[in-house]
Amino acid sequence: MPRIAINLGGGFVPGVNAVITGTVLAAAELGWDVVGIHDGFEGLLFRDHYPDGGLIHLSSASINNAISSSGPVIGTAAKLDPFRVRTVTEENQVEEVDRSDELLELIRRHNIDAVISVVGARALSVVLKLHRKALRVVAIPESVENDIAVTQLSFGFNSALSWTAEMLDQAREAGRSARRVGVVEVVGEHSGWLALQAGIAACADAILIPEIPYRLEKVAAKLRSKLDGRASHGLIVVAEGAQSSTPQSEPATVNPLKASLSPLATSSQGEHVIEQSGSAAKRLARELQRLLGHETYPLVLGQLIKAGRTTAVDRQLGIAYGAAAIRALHENRSGVMTAFEPPELKFVPLSEAINKIRTVPANSLFLQTARSLGICLGD
Amino acid sequence: MTASNDQLTGIVLNIQHFCTHDGPGIRTTVFLKACSLRCKWCCNPESIHPKPELSYNLSKCIGDKECGLCLKECPETALFVLDSDHKVRVNWDLCTNCGKCVDVCPPHALNLFGQVMTVEQVLDEVEQDSSFYNESGGGITVSGGECLLQPDFVAALLAGAHERGINTAIETAGNVPWRFMEQVLPHVDVMLHDHKATDPERHKKWTGVDNVRIKANFKQAYETFPATKFIARTPLIPGVNDDEEHIRSVLALIRPHPNVIDYELLPYHRFGEGKYNFLGRIYELEDFEPPSAETLARLRAIIDEAFGRNRAPVNGGVS
Numbered sequence: 001m002p003r004i005a006i007n008l009g010g011g012f013v014p015g016v017n018a019v020i021t022g023t024v025l026a027a028a029e030l031g032w033d034v035v036g037i038h039d040g041f042e043g044l045l046f047r048d049h050y051p052d053g054g055l056i057h058l059s060s061a062s063i064n065n066a067i068s069s070s071g072p073v074i075g076t077a078a079k080l081d082p083f084r085v086r087t088v089t090e091e092n093q094v095e096e097v098d099r100s101d102e103l104l105e106l107i108r109r110h111n112i113d114a115v116i117s118v119v120g121a122r123a124l125s126v127v128l129k130l131h132r133k134a135l136r137v138v139a140i141p142e143s144v145e146n147d148i149a150v151t152q153l154s155f156g157f158n159s160a161l162s163w164t165a166e167m168l169d170q171a172r173e174a175g176r177s178a179r180r181v182g183v184v185e186v187v188g189e190h191s192g193w194l195a196l197q198a199g200i201a202a203c204a205d206a207i208l209i210p211e212i213p214y215r216l217e218k219v220a221a222k223l224r225s226k227l228d229g230r231a232s233h234g235l236i237v238v239a240e241g242a243q244s245s246t247p248q249s250e251p252a253t254v255n256p257l258k259a260s261l262s263p264l265a266t267s268s269q270g271e272h273v274i275e276q277s278g279s280a281a282k283r284l285a286r287e288l289q290r291l292l293g294h295e296t297y298p299l300v301l302g303q304l305i306k307a308g309r310t311t312a313v314d315r316q317l318g319i320a321y322g323a324a325a326i327r328a329l330h331e332n333r334s335g336v337m338t339a340f341e342p343p344e345l346k347f348v349p350l351s352e353a354i355n356k357i358r359t360v361p362a363n364s365l366f367l368q369t370a371r372s373l374g375i376c377l378g379d
Numbered sequence: 001m002t003a004s005n006d007q008l009t010g011i012v013l014n015i016q017h018f019c020t021h022d023g024p025g026i027r028t029t030v031f032l033k034a035c036s037l038r039c040k041w042c043c044n045p046e047s048i049h050p051k052p053e054l055s056y057n058l059s060k061c062i063g064d065k066e067c068g069l070c071l072k073e074c075p076e077t078a079l080f081v082l083d084s085d086h087k088v089r090v091n092w093d094l095c096t097n098c099g100k101c102v103d104v105c106p107p108h109a110l111n112l113f114g115q116v117m118t119v120e121q122v123l124d125e126v127e128q129d130s131s132f133y134n135e136s137g138g139g140i141t142v143s144g145g146e147c148l149l150q151p152d153f154v155a156a157l158l159a160g161a162h163e164r165g166i167n168t169a170i171e172t173a174g175n176v177p178w179r180f181m182e183q184v185l186p187h188v189d190v191m192l193h194d195h196k197a198t199d200p201e202r203h204k205k206w207t208g209v210d211n212v213r214i215k216a217n218f219k220q221a222y223e224t225f226p227a228t229k230f231i232a233r234t235p236l237i238p239g240v241n242d243d244e245e246h247i248r249s250v251l252a253l254i255r256p257h258p259n260v261i262d263y264e265l266l267p268y269h270r271f272g273e274g275k276y277n278f279l280g281r282i283y284e285l286e287d288f289e290p291p292s293a294e295t296l297a298r299l300r301a302i303i304d305e306a307f308g309r310n311r312a313p314v315n316g317g318v319s
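Going down the list, the sequences are from chains E and C.
Using the numbering used here, the first residue of the first sequence is number 1, and each one after it goes up by one.
Using the numbering used here, the first residue of the second sequence is number 1, and each one after it goes up by one.
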């Protein structure tokens with residue numbers, strides 16, 4: 001009986017339990033066995049850290065209520081990189097050790113025939129490297145930013161979108177009662193999908209995304225016309241990677257050299273880093289207040305966007321992705337990522353999914369919608 | 001020196017001329033690759049990895065519209081272009097540091113830190129500065145990284161320097177097997193060595209390992225090599241080791257040994273921060289500020305008192 005392992009390598013995202021459920025149920029239909037690896041690959045590489053040995057058997061019975069619970073059935077790892085594991089050697093030296101061969105041996109020794117890795121954009125390259133070392137693997141894309149290329153929808157995005165729209169409503173109400181302009185920052189370093197779609201859903205006054213450099217005076221003019229019309233408050237949604245197209249009156253707080261970092265890097269030797277969370281909202285709120293003479297307040301949603309309930313869309317998508325990953329393995333596919341290209345679920349080679357970011361195109365329907373609603377995009 | 005020693009090779013990060021903070025006089029400092037610690041304040045992150053390593057500076061990249069040569073050269077598909085600015089990014093997970101992209105990068109946005117050099121090549125370059133050594137009492141200093149991780153190369157290099165009449169010094173954090181230190185120290189005139197934290201747990205938290213072996217190595221070095229001069233140092237990091245307790249505990253270790261001639265404090269600085277980004281890494285101490293002048297003066301006064309003098313020597317920053 002084939003034995004499949006599943007692990008979560010990109011941190012927690014709403015819908016991971018749906019993926020696990022889809023995987024386990026589809027595997028059960030084929031009579032396959034499924035185990036979960038705790039915390040990325042750490043359950044295998046550091047087995048002594050886990051009372052259950054790092055692996056957990058997943059059956060239809062054991063995941064009974066998982067689909068409707070919020071905590072993941074197996075732990076997630078922020079980093080999924082067996083190629084550079086920081087280790088203190090017997091000579092008491094700190095080294096980053098390539099433990100990928102050891103991992104593959106452990107996978108073989110535990111009679112695991114293939115691995116399904118649930119990962120974000122940054123860990124896809126690691127999965128590809130494992131595939132190049134002959135691991136049978138299928139990746140499932142997760143992203144609250146929906147920034148993974150070659151799929152229209154990563155699971156987790158829809159839940160984050162719904163929850164963000166709800167919080168934007170709350171932010172607007174807070175602004176109304178305080179008679180201020182709320183400047184709400186949401187995740188999105190290179191992709192503005194979440195800011196754009198949630199901002200439209202909340203009918204924000206302005207939405208600023210990384211794909212469209214904004215002019216501060218345009219945003220101020222939009223708010224001024226609203227406030228001159230006796231409105232007492234406003235709402236701006238800004239993605240954390242949004243940039244002004246003109247020199248700012250106050251310099252960015254973050255070292256510009258950080259731009260040299262890759263947005264797709266991961267692991268201890270290749271960290272991913274973005275501007276300090278909150279700096280986009282803080283700077284914009286301060287500068288707008290100077291220009292408008294009206295009080296503003298910055299609000300950073302940050303990781304809160306992952307705290308909402310898993311929507312039905314993400315449940316369906318997660319289940320479908322899990323089942324599709326099993327189907328891929330059943331069809332002897334490996335080194336692929338499940339991808340949603342409506343109306344189909346496809347399998348895309350990992351080599352085509354890496355080194356790309358799914359950004360908002362200039363002719364996006366969402367941009368057209370925002371413009372037709374009079375929402376300022378800063379250009 | 002034998003011809004075979006002359007041709008021994010090491011991985012050299014950089015040879016820096018006219019250094020005044022790496023031992024007595026004016027010195028030429030040879031930085032070697034590889035380190036056995038991971039100090040969070042390290043200002044030479046490019047020295048940590050034992051092999052030559054790629055770095056990337058976005059501000060120098062002229063973009064794929066004008067150039068794009070590196071994209072064709074990379075055998076690992078580890079380079080790609082962002083649509084937003086049409087400039088290259090490195091996928092550090094896929095990069096193997098082969099350096100093929102470096103050779104074709106006209107603006108030198110891509111660089112390789114580290115090169116293989118022979119003892120003879122290094123000494124020939126170092127010797128060019130010999131007139132400065134004679135006037136100032138300087139010489140060669142081998143630093144890192146942790147230079148003692150290349151013991152054969154360093155021993156040959158320093159023996160060769162002595163043969164050419166050049167004063168020798170090393171900078172070490174001491175976290176190596178004793179046999180490495182024992183192999184190199186006969187060729188060393190001055191050993192600058194770090195006492196980074198007193199408490200083993202704190203040392204482990206900030207550098208990756210405890211300091212039990214380090215302290216044992218230093219004690220054994222003081223006792224085994226009485227003719228060698230030792231200069232103890234502490235990179236002074238606010239909140240980590242800028243307290244009297246640490247300074248006094250180091251003094252208690254070194255003062256019984258007359259060949260430890262000084263104890264220097266190197267105030268924390270952030271000059272290395274940009275290099276972290278070029279290597280695709282996070283600089284973890286972003287919010288740290290250098291120690292205040294008052295703290296520095298107060299701690300130096302404790303050292304002066306222990307050494308029975310009026311003023312502590314002024315030195316550079318964290319190494």
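These are computed hints drawn from the structure, not numbers from a lab.
Any given hint might turn out to be false.
To be verified - Straight-line C-alpha distance at most 16 angstroms; calculated EDC-like pairs for lysine to aspartate or glutamate:
1) 356/E - 210/C
2) 356/E - 284/C
3) 306/E - 287/E
4) 204/C - 95/E
5) 133/E - 105/E
6) 72/C - 103/C
7) 51/C - 98/E
8) 51/C - 96/E
9) 204/C - 91/E
10) 215/C - 182/C
11) 129/E - 102/E
12) 60/C - 85/C
13) 40/C - 210/C
14) 306/E - 166/E
15) 40/C - 98/E
16) 356/E - 90/E
17) 218/E - 105/E
18) 129/E - 76/C
19) 51/C - 95/E
20) 133/E - 76/C
21) 229/C - 273/C
22) 204/C - 189/C
23) 40/C - 284/C
24) 129/E - 352/E
25) 229/C - 189/C
26) 218/E - 379/E
27) 133/E - 91/E
28) 215/C - 189/C
29) 226/E - 166/E
30) 40/C - 182/C
To be verified - Chain C is faced by these chain E residues, among others (derived, beta-carbon under 10 angstroms):
31) 52
32) 91
33) 210
34) 241
Think of the CB as a built atom: it goes at the ideal place given N, C-alpha and C, for glycine as much as any other residue.
| message | Of the numbered hints stated earlier in the document, which are not met by this structure? | response | 1, 2, 3, 15, 16, 17, 21, 22, 27, 28, 29, 30 and 31
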